[in-house]
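Student: Let the sequences and hints guide you as you build the complete structure.
Here the protein sequences line up with chains A and B, keeping their order. Sequential numbering from 125 applies to the first sequence in this note's numbering. Sequential numbering from 210 applies to the second sequence in this note's numbering.
Heads up, some of the hints might be wrong.
[As the list claims (entries may be wrong)] DSS-like cross-link-like pairs, simulated, lysine-lysine; straight-line CA separation at most 30 Å:
#1 B:Lys289 - A:Lys269
#2 B:Lys289 - A:Lys344
#3 A:Lys136 - B:Lys290
#4 B:Lys290 - A:Lys145
What the hints contain is simulated information worked out from the structure, not anything from laboratory work.
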Amino acid sequence: MTLNSATDVVLKTQALRKVFKVGFWGRQVTALEGLDLEVRRGEVFGFLGPNGAGKTTTLKILMGLIYPTSGHAWILGQEIGTTRVKHQIGFLPESPYFYDYLTAVEFLRFYGQLFNLHGAPLSRRIDDLLQMVGLSHVSHLQLRKFSKGMLQRIGIAQALINDPHLVVLDEPMSGLDPIGRKEVRDLILSLKEAGKTIFFSSHILHDAEVLCDRVGILVKGRLVAMGKVNELVGGTSASSIEVVVQGLGEEGLAHVRPLVEKSVLQGDQVLLVLNGQKHVDGVLDIIRAAKATLISLSPQASSLEDLFMKQVKEREGVSAQ
Amino acid sequence: MRRILSIGLNTFRETLREKLLYNLLIFALLMIGSSMLLSRLTLGDANRLILDLGLASINLFGVIIAIFVGIGLVSKEIDKKTIYTIVSKPVPRYEFLLGKYVGLGITLLTNTAIMVVGLLSVLQIMQVPIELVLFKSLLLIFIELLVVTAVALLFSTFTSSTLSAIFTLAVYVIGHLSGDLKALGEKLDGVSQGVLTTLYYVMPNLERFNLKGHVIHQLNVGTSDMALIICYGLAYATLMLTVAAIIFQRRDFQ
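Tutor: As structure tokens, this is what we get:
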């Protein structure tokens, strides 16, 4: 079966199910149960859920790393797993480990060769990608000397080496500091601008709020909701607010400190963490007065896992711990 | 084909970083070199000892490298999850396996070449005549290494590194004793005979690749015999790789 209706559907799954056998006696554990999902062309789709919900299992099935127990999935109208499909997708695994003895250029060249790219076109593509992810200055550095944020960015570059239609990212922002997270967020947004479809998994609601057109929420292997983020988490007020400012200066920083819970200086940028919305106006006034540049202001909503604990409790009628 | 070569060259680069490899290589060269010393302490034919010890060292250390570097190649990719970025690319799984095999093949070829240079230097210094059959013997040692590597790769597609090493070592030992197994089986009856005869046919007959006796006694081996043994080795390795590819194709990477 192929998808010939709705040509704007890039990814579709139908009753996808995965049962793992674990332990010596092969006890059966259902990781995914009847997943029906649809991702449309050009959108950023967040696949959300607490740890162990089955997000990575779904992504692994879509990438041909594991096989579904039953059900079907199509990417760009073709059944998953074929090399033809894989030519059109890019994938960044969760906490990826790369061949750390390679330099950034050697690393991207290796992945380019897997797509039968060679010579000058490949070199040009590598240069463009390194520039895009901001790693041109370390192009001849071995990956083992890279920071976690840099590894994540080179990981995204390898996912884009074939200029894919669909980019699949597994927890692209986990383990990164706020600035690293913002860099990855900006990268995802620039991919969206370039017309790519992005499907990424996360357990941090904030990522999804900033980036996603739509999200799907997975709990214990089942899709419990699919739609726009604000519809799904409406009513959850921001518990803290992160503000990133450039060029605030010593004096501005001294004024702002009494109003914020935490301030972290990184180069000429400073990250301010506000407890609630009470002092937002006051902080913005100080930033204006100091003639500093506001880089970002992001409300940090409560974690999705909390929301899910509540949902699970409601669904099962059992009080959660 | 180019993809297999890319993976192969990357694997070769990876194995060059294995400290174990260099330790083994240095030890092998010391063993080959020590034959010069031992030959002076030995009564009788010193040339025989140099040739015997040299060829045995090349064979033994080649096998150790094939097993201990070979078994880690696939399992390490799975443990470190580097395989995720390869399998999600348009690379059929068998191409990945073949790439790994080619990579280790290049490593073994390089190592064997270095050990052979060591042996030839010793032979030159000790003025031992170098016959054509020596090179034939070295070629068959390399073919044997390719067979052992294929076996190691097969085991590493479905078991842990430790079990793969044990199984491959077992196959190596049994493979050298398979002639004796058959002879023993013929003296037994019933189930025992059946088991031993089956083992004889299933296990690789690695003694076929051993020409040390020919080298020492300067007995030549005909071209047709050589061709037959090489074909046998390559066919056995191909069979192992095919089974490995079938298993690898079906497994989940968790």
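Student: Quick one, are Lys289 (chain B) and Lys344 (chain A) close enough, alpha carbons at most 30 Å?
Tutor: With Cα atoms ~26 Å apart, Lys289 (chain B) and Lys344 (chain A) stay inside 30 Å; holds.
Student: Does the alpha-carbon distance linking Lys289 (chain B) and Lys269 (chain A) stay inside the 30 Å limit?
Tutor: holds, 17 Å
Student: Are Lys136 (chain A) and Lys290 (chain B) close enough, with their CA atoms no more than 30 Å apart?
Tutor: Holds - the C-alpha atoms of Lys290 (chain B) and Lys136 (chain A) are around 26 Å apart, at most 30 Å.
Student: Against the 30 Å threshold, does the CA-CA distance of Lys290 (chain B) and Lys145 (chain A) hold or violate the hint?
Tutor: Within the cut-off at roughly 20 Å; holds.
Checked against the numbered hints given earlier, this structure breaks none of them.
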